[in-house]
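Chains as they are written, first to last, in my numbering: chain U, 384 to 661; chain E, 384 to 661; chain Z, 384 to 661; chain G, 384 to 661.
Keep in mind that the hints were calculated from the coordinates and are not lab data. If you're wondering where the values come from, they're calculated on a predicted model, not measured in any experiment. You can trust all of the hints, since none of them are fake.
Pairs involving identical chains hold if they fit within one copy or between any two copies, as the list cannot separate such chains.
Capping the alpha-carbon separation at 20 Å, the derived lysine to aspartate or glutamate pairs in EDC-like fashion look like this:
id, residue 1, residue 2
1, K479, E396
2, K521, D622
3, K418, E447
4, K521, E396
5, K414, E447
6, K479, D412
7, K521, D469
8, K427, E461
9, K521, D394
There are 4 protein chains.
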Amino acid sequence: MAGSRYAYVRDFELADVALPRTFLVVRIDGKGFHKFSHQHGFSKPNDANALELMNEAARHVMREFKGHITLAFGESDEYSFLIDRDSGLYNRRQSKLISHIVSLFTSAYVFAWRRYMDVSLQYPPSFDGRLVMYPTHKEVRDYFAWRQADTHINNLYNTVFWALVLQGGKSEREAHDTLKGTVSAEKHEIMFQQFGINYDKLPAFFRKGTTLVWSPIPDPHRAKPRTELRTLHVDIIGDTFWTPHSEKQPPAAADEVAPYYDNPKRLCGEGLGSHLGL
Amino acid sequence: MAGSRYAYVRDFELADVALPRTFLVVRIDGKGFHKFSHQHGFSKPNDANALELMNEAARHVMREFKGHITLAFGESDEYSFLIDRDSGLYNRRQSKLISHIVSLFTSAYVFAWRRYMDVSLQYPPSFDGRLVMYPTHKEVRDYFAWRQADTHINNLYNTVFWALVLQGGKSEREAHDTLKGTVSAEKHEIMFQQFGINYDKLPAFFRKGTTLVWSPIPDPHRAKPRTELRTLHVDIIGDTFWTPHSEKQPPAAADEVAPYYDNPKRLCGEGLGSHLGL
Amino acid sequence: MAGSRYAYVRDFELADVALPRTFLVVRIDGKGFHKFSHQHGFSKPNDANALELMNEAARHVMREFKGHITLAFGESDEYSFLIDRDSGLYNRRQSKLISHIVSLFTSAYVFAWRRYMDVSLQYPPSFDGRLVMYPTHKEVRDYFAWRQADTHINNLYNTVFWALVLQGGKSEREAHDTLKGTVSAEKHEIMFQQFGINYDKLPAFFRKGTTLVWSPIPDPHRAKPRTELRTLHVDIIGDTFWTPHSEKQPPAAADEVAPYYDNPKRLCGEGLGSHLGL
Amino acid sequence: MAGSRYAYVRDFELADVALPRTFLVVRIDGKGFHKFSHQHGFSKPNDANALELMNEAARHVMREFKGHITLAFGESDEYSFLIDRDSGLYNRRQSKLISHIVSLFTSAYVFAWRRYMDVSLQYPPSFDGRLVMYPTHKEVRDYFAWRQADTHINNLYNTVFWALVLQGGKSEREAHDTLKGTVSAEKHEIMFQQFGINYDKLPAFFRKGTTLVWSPIPDPHRAKPRTELRTLHVDIIGDTFWTPHSEKQPPAAADEVAPYYDNPKRLCGEGLGSHLGL
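Same shape as in the complex, but just chain U:
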């Protein structure tokens, strides 16, 4: 065959298999999103539509990899996906996992742009990705706690910063200088005293980021429950999300379950993470 004497170049493809039985986290990050969000007029400090577009792109990834990706968490221009420790997706080849997840996310982001955004997309946005292996449950929970703590820190800063600029009439430099060295309590106070903002009453969407999780739907007629993809804005640092439902409050029968947006328990994500086997 004509190509065969060149085919030796394939021998240079080195294996990059992820260690078996480790949890894999793929985190994607927007490239140049400071400029991108500026050029597309994103609202400050948070653009709800742009964040919903991120969530939609992430849901696309989760649906494509159902049974492999069990949890995702997003904030700002980043999203983290948890691949189950027993997943054999792509034989755990790291470059395949990273690249395909980033590609699916990017593709869905551009594809769904017009459904979420009013302005036209001016140029193709892009993301990069990395993969991290975690050996045990503890590190996985701490990873997601790390990202949500980061959400809190960044969102608190951004909220008071843009209040100073947009409502307080300060320049961006003045706002930075005002906030330099302030601790959390001082930022809360500036918002409340100067702008009447009670930070803790702001939408959980912005304060808690978005958690995507496959949730079992109890169905007495099926041995293996169906699952649905839930979009939550809840605390995932504490135990509530990760602890199974209390015995005393058995889950409602399938036909009695209120939609999650009407169901206070589900809104808080109680126990949904307990199905992840962490």
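For this one, chain U is given, so just place chains E, Z and G on it according to the hints.
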């Protein structure tokens, strides 16, 4: 800081730096493009518009990484990008290089879809990627020869296959059976005898794939020449593409250079690869 | 400095850090020990002195890496060392860990040769090594179970094989043919019927291999107990080795503890593995 | 089989193949040799016997891997081995290559101790190792230049340091303080003025380190020449070692070749490196 006690999870990010001074090739491949091309009615055996869209996405990647990616070659639903051995892009972190290139390509593909295709995009397409390191010039040339030889083999097969189906009225199974075990000369003969197709006269675009290369534009007024991105459909297996211009035919002065589509020498890509330092 | 313009070559040293919080197992294997054991007249099927020399070399490794290597298991010409998941030895650089452990073992083997062996060492023996990461307790226990099960299989075969040859007067080829396809029970029967050997009464040293473990020595006068290195020939597949002492039989006070060779419980290794945090 | 349900633990052994067609350098370093050399009374600044023992251990490695390791360079308690770019030794598995080379070296060092050293070996010495891949000739030459430049710097310092201590009666601290901040010329001057030492007249063994190389022996009766392992103390930074013999001075016929210690050309290593294909 609230997040600091979780930040240890970053220590699990292992280095994945590519070996210095190696040439890096990132190859991306369409995921599920058999189904994708069917659902979007791609012409068989080749859809020129869909291939031009691939080229446009690849040019976007090359422009974003100008000075780092020096050459690209595409065929069907795959594209290979050559990163210069001295490039320090992303400090040569493999996961970053793979993921960002795949993301840029995907994004541009979806973004530019409507400029190239008549039908609407029905769902987000995706790609995956891999990275290979090559120590010397020889393997790089052989890598691209391998891909272009593959183009030849696949396109020859596909051309006669679809002639049998679309013009010959055979079922796909019958066409496969007809071609089973045939060598190259027999395929040429089937095309010529039964359908009057002279394979070697078909567009080089389909037979040779697409080569993208930054080409210097001579300019007596500048020490460092400007470059432009060329889109070629030429042989890159032989020496012509890789060998500098003959001394006897000095390059024309800048203002005398015909556009490459009028310039036979440039159409054959003569010497353009000689600037890659291979 | 004269050397500085060459120092860039250090940049080619790529990181090879083991994933944090994984258990590391380094296994070393004799190179060409079939020939080596023949040339040095090792007794068949087991040479107790040669095995004790292996154990001595392994104890040297464990003493050098006390606090890092917590368990070792050896059989025939191989030894496996367990590095604690929290060890930061050599910053977990894999090549350093492998090479230094192999070097220490080799050095001690040659150094101690004359204390254990009657014949002179005729040429330098050598070993190679590999490192494997295990994320959880389960895989670590299964790894050591795998090696001990292997010990059982090999030793059973070798014992009956050499009985056939040395006592039964068969050639090695005849002995192989006799054993071909026999299951475990048949091998036991051949030994018992033809040679009066009750396999289960043979020394545990040969049947169980050697387990090295740091064992705490209770001492009411010290907050942190001293430890001593134990050399055991016990079952490490079942739970006994890994389960803490029963509550009903509290450990004896330090001054009442019999030496382990007089203490049936300690001879069976009961609970010694429970200190490894697996 | 009893062991089979545990055998899955082998799946955790990840590939660590070195990139094809790269030159591999394995460098080994003595562990704790400051203390080791002190306890065994090594002469200062250089112990010729101890260095010869290092060389003997390295020759053992080169003989074991003849056809794979083509060059070695040693100084002080370190040795570097060059594995040919086309070697498929151990299928280029890095951990195997590192560990076996370190083990062979260590074993030979302990084994040959008594032939070279007067004092008894008091405890097992050890080494560690690392492996580096180099894509081209240039980096390989620069790697060995780097090590020999290091030899020069260290030996110059050590020679004047121990002259100050042993002949000049200074304490080690005083000697360090004297040399602090001195450049090369000043060190030469101290040696010459105070101790009458002409550094450039000291044995090349100490100043140049030791280079081991397989050298072809011309033999008109054989198509493929035999080779012998040469032990050289020559400059390998400049071109002489690496450049083929001049045409004007054809190599002597085999039976006329003087032993290398009588042959000035061979003493300078002229052209011996030219057979390495660098």
